[in-house]
Amino acid sequence: MEQVALDALSQIIPESRMFLDLAERYCYSYDASFGEYLPEVVLQPINVKEVSELVKLANVHKIPVSPRGAGTSLSGGPLPVKGGMVLDLTLLRDKLIIDRENMLAIVSPGVITAAIHKKAEEAGLFYPPDPSSSNVATIGGNLLENSSGPKGLKYGTTKEYVIGLEVVTPTGEIIRTGGKTVKNVTGYDLTRLIVGSEGTLGIVTEAIIRLIPKPQSRKTFVAHFNHFIDSGHAITSILSSGILPSSLELMDQACIRAVESYRPSGLPLRAEAILIIEIDGHPLAIEEEINKCADICRAKGASYVKIAESEDERDTIWSARKLVSPAITQMGPTKISEDATVPRNRIPAMMERLKQIRDKYELNLVVFGHAGDGNLHPNIITDKRNKAEMKKVELAVSEIFEAAIELGGTLSGEHGIGTLKSPYMEMELGINGVNMMKKIKEAWDPNNILNPGKIFPEKGQTKVVLVT
Amino acid sequence: MNAPATSNKENGAVQQLHTDAYDWTNQCVKCGYCLPACPTYESMGVESASPRGRINLVKLAAEGKIDFQKDLSGPIELCLGCRACETACPVGVPYGHILEAAKEAIAPYTPKKMKKLKKLALVHLFPYPERMTLLGNGVMFYQKSGLSKLVRSSKLLKKISPALAHLEQALPPIESPSKRFKPGTVIPAKEETRLRAAFFTGCIMDSMMSRINRLTIELLTLVGCEVVLPANQSCCGALHSHQGEAMQAKALAKRNIQAFMQIDADVIVNNAGGCGASLQEYEQLLADDCEWAGAAMDFSKKSQDISQILHHLGPLPFTEEYRGIVTFQDSCHLRNVQKVQKEPRLLLQSIPGIIYVEMEGYDRCCASGGIYNLLHFEESMKILDGKMNDLNKTMATTIVTVNPGCQMQMNIGIQKDGAANHIKSMHLVEVLAKACGLK
Ligand SMILES: Cc1cc2nc3c(=O)[nH]c(=O)nc-3n(C[C@H](O)[C@H](O)[C@H](O)COP(=O)(O)OP(=O)(O)OC[C@H]3O[C@@H](n4cnc5c(N)ncnc54)[C@H](O)[C@@H]3O)c2cc1C
Ligand code: SF4
Ligand code: SF4
Numbered sequence: 001m002e003q004v005a006l007d008a009l010s011q012i013i014p015e016s017r018m019f020l021d022l023a024e025r026y027c028y029s030y031d032a033s034f035g036e037y038l039p040e041v042v043l044q045p046i047n048v049k050e051v052s053e054l055v056k057l058a059n060v061h062k063i064p065v066s067p068r069g070a071g072t073s074l075s076g077g078p079l080p081v082k083g084g085m086v087l088d089l090t091l092l093r094d095k096l097i098i099d100r101e102n103m104l105a106i107v108s109p110g111v112i113t114a115a116i117h118k119k120a121e122e123a124g125l126f127y128p129p130d131p132s133s134s135n136v137a138t139i140g141g142n143l144l145e146n147s148s149g150p151k152g153l154k155y156g157t158t159k160e161y162v163i164g165l166e167v168v169t170p171t172g173e174i175i176r177t178g179g180k181t182v183k184n185v186t187g188y189d190l191t192r193l194i195v196g197s198e199g200t201l202g203i204v205t206e207a208i209i210r211l212i213p214k215p216q217s218r219k220t221f222v223a224h225f226n227h228f229i230d231s232g233h234a235i236t237s238i239l240s241s242g243i244l245p246s247s248l249e250l251m252d253q254a255c256i257r258a259v260e261s262y263r264p265s266g267l268p269l270r271a272e273a274i275l276i277i278e279i280d281g282h283p284l285a286i287e288e289e290i291n292k293c294a295d296i297c298r299a300k301g302a303s304y305v306k307i308a309e310s311e312d313e314r315d316t317i318w319s320a321r322k323l324v325s326p327a328i329t330q331m332g333p334t335k336i337s338e339d340a341t342v343p344r345n346r347i348p349a350m351m352e353r354l355k356q357i358r359d360k361y362e363l364n365l366v367v368f369g370h371a372g373d374g375n376l377h378p379n380i381i382t383d384k385r386n387k388a389e390m391k392k393v394e395l396a397v398s399e400i401f402e403a404a405i406e407l408g409g410t411l412s413g414e415h416g417i418g419t420l421k422s423p424y425m426e427m428e429l430g431i432n433g434v435n436m437m438k439k440i441k442e443a444w445d446p447n448n449i450l451n452p453g454k455i456f457p458e459k460g461q462t463k464v465v466l467v468t
Numbered sequence: 469m470n471a472p473a474t475s476n477k478e479n480g481a482v483q484q485l486h487t488d489a490y491d492w493t494n495q496c497v498k499c500g501y502c503l504p505a506c507p508t509y510e511s512m513g514v515e516s517a518s519p520r521g522r523i524n525l526v527k528l529a530a531e532g533k534i535d536f537q538k539d540l541s542g543p544i545e546l547c548l549g550c551r552a553c554e555t556a557c558p559v560g561v562p563y564g565h566i567l568e569a570a571k572e573a574i575a576p577y578t579p580k581k582m583k584k585l586k587k588l589a590l591v592h593l594f595p596y597p598e599r600m601t602l603l604g605n606g607v608m609f610y611q612k613s614g615l616s617k618l619v620r621s622s623k624l625l626k627k628i629s630p631a632l633a634h635l636e637q638a639l640p641p642i643e644s645p646s647k648r649f650k651p652g653t654v655i656p657a658k659e660e661t662r663l664r665a666a667f668f669t670g671c672i673m674d675s676m677m678s679r680i681n682r683l684t685i686e687l688l689t690l691v692g693c694e695v696v697l698p699a700n701q702s703c704c705g706a707l708h709s710h711q712g713e714a715m716q717a718k719a720l721a722k723r724n725i726q727a728f729m730q731i732d733a734d735v736i737v738n739n740a741g742g743c744g745a746s747l748q749e750y751e752q753l754l755a756d757d758c759e760w761a762g763a764a765m766d767f768s769k770k771s772q773d774i775s776q777i778l779h780h781l782g783p784l785p786f787t788e789e790y791r792g793i794v795t796f797q798d799s800c801h802l803r804n805v806q807k808v809q810k811e812p813r814l815l816l817q818s819i820p821g822i823i824y825v826e827m828e829g830y831d832r833c834c835a836s837g838g839i840y841n842l843l844h845f846e847e848s849m850k851i852l853d854g855k856m857n858d859l860n861k862t863m864a865t866t867i868v869t870v871n872p873g874c875q876m877q878m879n880i881g882i883q884k885d886g887a888a889n890h891i892k893s894m895h896l897v898e899v900l901a902k903a904c905g906l907k
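Those protein sequences? They're chains A and B, same order as listed.
Using this note's numbering, you'd call the opening residue of the first sequence number 1 and step up by one each time.
Using this note's numbering, you'd call the opening residue of the second sequence number 469 and step up by one each time.
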């Protein structure tokens, strides 16, 4: 970066929030995925004016700008792949206002998602999107990745809740999209376009999000299946019976075994699948619904069904699911976590394909996920220092994506495209589909300065590269 | 008595960083789950002040991408070593070990001024019980003679070092040596003997807070412990490990193991969270030393915090009510390393008359961090201000801790706030002793 540009940057932001030394820059060279890219400078703006001026300057000097939240992206979203500057937005966190009358929250992008959950709940309201990273990730990152979690089945993803934004465009203008009304059909829906755009179309500096009334109560049960195919039938039967669980989670046998050897908690080692189902709503309704779901599981061949009668029993059920991540990382230091998603009736077919991939490449592959919405998390556990195995992983990952798309699914249910899945975009969208998206990007960002190298593949890039 | 060996192990330390520490850093999946637990990340707001950042910097240093002195030492020095990140980490990255390996590797590069202060304390003071006693007596003389009033009113100390000035005011009144139990003594249980407990006196506790040690022993005898005070015990070595002086820490550990293992005690009791954690980690510290590993393991297995013993052997024979709202600040090393959380709370709640209120952020470090508050005064005070804010919200009249460093740090906070007339900082043992009618 030229000295003039650096001098100009230091006119906008004080020294204490501008980092040029190596250690600080390296601290923003990674996220929770792969790859390490060293930015030339890291900046921590604290208000929209600073953001806007920084972006304007970047445009003049053609400096790449990578916005960043807490850096928990699993797809490489905030990595400065073209160098330039990282804009760390975690200090933009002054606003978290709950507007009870309008059932809204107005938030700064650096606010941690769990803080919104807490504040909303204190007001008797509910913000449903619940990625498992919610204690760490920022609402800005959630919005730009369109995150969700187990509750996605009933409540949808982040985009269902965002109704208004303040955005700094890639040319530095400050614009507002949407507003405080739930209904809004004025012109193009830029709000929805920006949500999930992975920081390539604008920098969000404030968001208005919709809250809903807090469900009165909830009930949870667990079912064990000796045959995977039966669990698939149970899922489709429950969902077609007119009941909409708030979560419907699945663990496969490899997961079960990993958890059991990490922290023995009496999980059935012979079972091929465990389903965890939670229902929320009116206490009387959920009582009836949960029993019906349990009956369906039994009828479809569950070997064991247990409805939690207390908060402790509920915790025990969920703890098995929560132990999956730590348990599988004991199997190796590198975890490649995918989120290929298929229509839910294709889950058994997808599981079969994953099994074939596991056997073909002889990899440590476990599967868990949000079965209710078809969002599976195949995880390959390996060691990135083992180059030969990593090459096999690359091939396996490609096949996972192919399988998902062949079955009518998508590359990503919640982690985004980033740098890792961009080579496969055409496979899902076709060449014209990708070109249309590119045209939008070019119109917004004529100099291609905002988060370049994401979503769209580089020329000649046809598959994921994890090791070089 | 031999002084512990001084260290000159730059090569060894750097080598270890390339082997063990590098492997540990590779376990980190960069999920960031540790970020919300980290007090320095919260107060400084940069990734290099977070556990994830520090772990990755150690990794980069081992890979030769950054320089130990220029790039690594700053972020590592600013870590409190509270190890809250370890408790939060879902995959069990051994941060404490990474930190110590890094500290050892950067120790030769510590700035001169800091080195002097550290050397004075670590090499020439803490390891020598008699010097500590002398210092304690000196401080007592200083407090009793009216000198302290003079110094305070002249604001002299503040001009020399604000950190020392605060510390001076935070020191508790020191008890006369005549009340102290002598090393080598055996104090019988009050009634039936249920356990034989060897008591670890600690260096700061023994010299500056001997009253708390005396009360600890008296409480132990009340619940049926015969208490032995092994002679020749010494500083636990925690501060040395934390400052990258592993050789000294090992030498001190061996001396303690020797002193305690001669005595056939059922448990080894301590009353300072930081020391206790260090005693429990002798096992790991000496794991590679075939001559000592076995004894170290036995020693660590026997070590327990005072709250565990009192809770286990209780209930205590309370004779008085304790009036007021009481809250508890966890000692990081008791909570995050020894994993003792409920016993101190249950003991407090068992005291008649007490109103116990949990404080928000009770599990967050108060930023005393060994001698962190001396070495990094401003950073420490920033974190302490946040803590005082949480404390004020509880309306507590007593804040209870289980570590001398935390207790003094809370005292500093109280004085800074000008709140000394309505809040007291007390050690758990003092509160329990008061309710048992011990003076
Ligand atoms: C252990 C773990 C569990 C996870 N679980 C889930 C899960 O259950 N569901 C799920 O959906 N995801 C999950 N994730 C992925 C990740 O947490 C989410 O993608 C999250 O939304 C990222 O938020 P962040 O604040 O860390 O953003 P970052 O990772 O820093 O950034 C994410 C993207 O947003 C952009 N960005 C961030 N802030 C702004 C802003 N204000 N303006 C413009 N662009 C911005 C960045 O450029 C980047 O493209 C998980 C990750 C981990 C490590
Ligand atoms: S030990 Fe404490 S201060 Fe250091 S990184 Fe861990 S949580 Fe932060
Ligand atoms: S929680 Fe553990 S694995 Fe995650 S970033 Fe922190 S140290 Fe690394």
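Derived by calculation from the structure, the hints in this document are not laboratory data.
No residue lacks a Cβ here, since even glycine has one placed at the ideal position from N, Cα and C.
It is possible that some hints are incorrect.
Not the full set, but computed from the structure, chain A residues with beta-carbon under 10 Å of chain B [what the hints assert, rightly or not]:
1) 23
2) 72
3) 319
4) 323
5) 330
Quick list of in silico lysine-lysine cross-link-like pairs, DSS-like style, CA-CA up to 30 Å [what the hints assert, rightly or not]:
6) A:384 <-> A:292
7) A:360 <-> A:384
8) B:498 <-> A:387
9) A:49 <-> A:441
10) B:538 <-> A:118
11) A:306 <-> A:355
12) B:861 <-> A:119
13) B:850 <-> B:807
14) B:810 <-> A:322
15) A:119 <-> A:82
16) A:463 <-> B:527
17) B:527 <-> A:118
18) B:892 <-> B:810
19) B:538 <-> A:119
20) A:384 <-> A:355
21) A:95 <-> B:810
22) B:533 <-> A:392
23) A:214 <-> A:322
24) B:498 <-> A:322
25) B:850 <-> A:118
26) A:154 <-> A:49
27) A:82 <-> B:861
28) B:850 <-> A:384
29) B:807 <-> A:82
30) B:647 <-> B:658
31) B:892 <-> A:82
32) B:527 <-> A:387
33) A:62 <-> B:533
34) A:154 <-> A:292
35) A:384 <-> B:810
36) A:391 <-> B:527
37) A:391 <-> B:810
38) B:498 <-> A:118
39) B:527 <-> A:384
40) A:214 <-> A:118
Hint by hint, here is what the structure shows:
1. 23: 4 Å, holds
2. 72: 5 Å, holds
3. 319: 12 Å, violated
4. 323: 9 Å, holds
5. 330: Hint holds; residue 330 of chain A Cβ to chain B Cβ min 7 Å, cut 10 Å.
6. A:384 <-> A:292: Cα-Cα ~46 Å, so violated.
7. A:360 <-> A:384: Within the cut-off at roughly 20 Å; holds.
8. B:498 <-> A:387: Distance of about 20 Å is within 30 Å: holds.
9. A:49 <-> A:441: 23 Å, holds
10. B:538 <-> A:118: Violated. Residue 538 of chain B to residue 118 of chain A sits at ~41 Å, over the 30 Å cutoff.
11. A:306 <-> A:355: Cα-Cα ~28 Å, so holds.
12. B:861 <-> A:119: 18 Å, holds
13. B:850 <-> B:807: It holds: about 27 Å lies between the C-alpha atoms, which stays within 30 Å.
14. B:810 <-> A:322: 23 Å, holds
15. A:119 <-> A:82: 38 Å, violated
16. A:463 <-> B:527: 28 Å, holds
17. B:527 <-> A:118: 35 Å, violated
18. B:892 <-> B:810: 22 Å, holds
19. B:538 <-> A:119: Distance of about 42 Å is beyond 30 Å: violated.
20. A:384 <-> A:355: 22 Å, holds
21. A:95 <-> B:810: Violated, at roughly 36 Å.
22. B:533 <-> A:392: 28 Å, holds
23. A:214 <-> A:322: 23 Å, holds
24. B:498 <-> A:322: With Cα atoms ~18 Å apart, residue 498 of chain B and residue 322 of chain A stay inside 30 Å; holds.
25. B:850 <-> A:118: 25 Å, holds
26. A:154 <-> A:49: 38 Å, violated
27. A:82 <-> B:861: The given pair, whose Cα atoms are some 47 Å apart, is violated under the 30 Å limit.
28. B:850 <-> A:384: Roughly 40 Å between the alpha carbons, so the hint for residue 850 of chain B and residue 384 of chain A is violated.
29. B:807 <-> A:82: 45 Å, violated
30. B:647 <-> B:658: 18 Å, holds
31. B:892 <-> A:82: Roughly 56 Å between the alpha carbons, so the hint for residue 892 of chain B and residue 82 of chain A is violated.
32. B:527 <-> A:387: 19 Å, holds
33. A:62 <-> B:533: 28 Å, holds
34. A:154 <-> A:292: With Cα atoms ~18 Å apart, residue 154 of chain A and residue 292 of chain A stay inside 30 Å; holds.
35. A:384 <-> B:810: Between residue 384 of chain A and residue 810 of chain B the Cα gap is close to 40 Å, so the pair fails against 30 Å, i.e. violated.
36. A:391 <-> B:527: Holds: residue 391 of chain A and residue 527 of chain B sit about 23 Å apart, inside 30 Å.
37. A:391 <-> B:810: Violated: residue 391 of chain A and residue 810 of chain B sit about 49 Å apart, past 30 Å.
38. B:498 <-> A:118: It holds: about 25 Å lies between the C-alpha atoms, which stays within 30 Å.
39. B:527 <-> A:384: 14 Å, holds
40. A:214 <-> A:118: At roughly 12 Å apart (the allowed maximum being 30 Å), residue 118 of chain A and residue 214 of chain A satisfy the hint.
Of the numbered hints listed earlier, those contradicted by the structure are 3, 6, 10, 15, 17, 19, 21, 26, 27, 28, 29, 31, 35 and 37.
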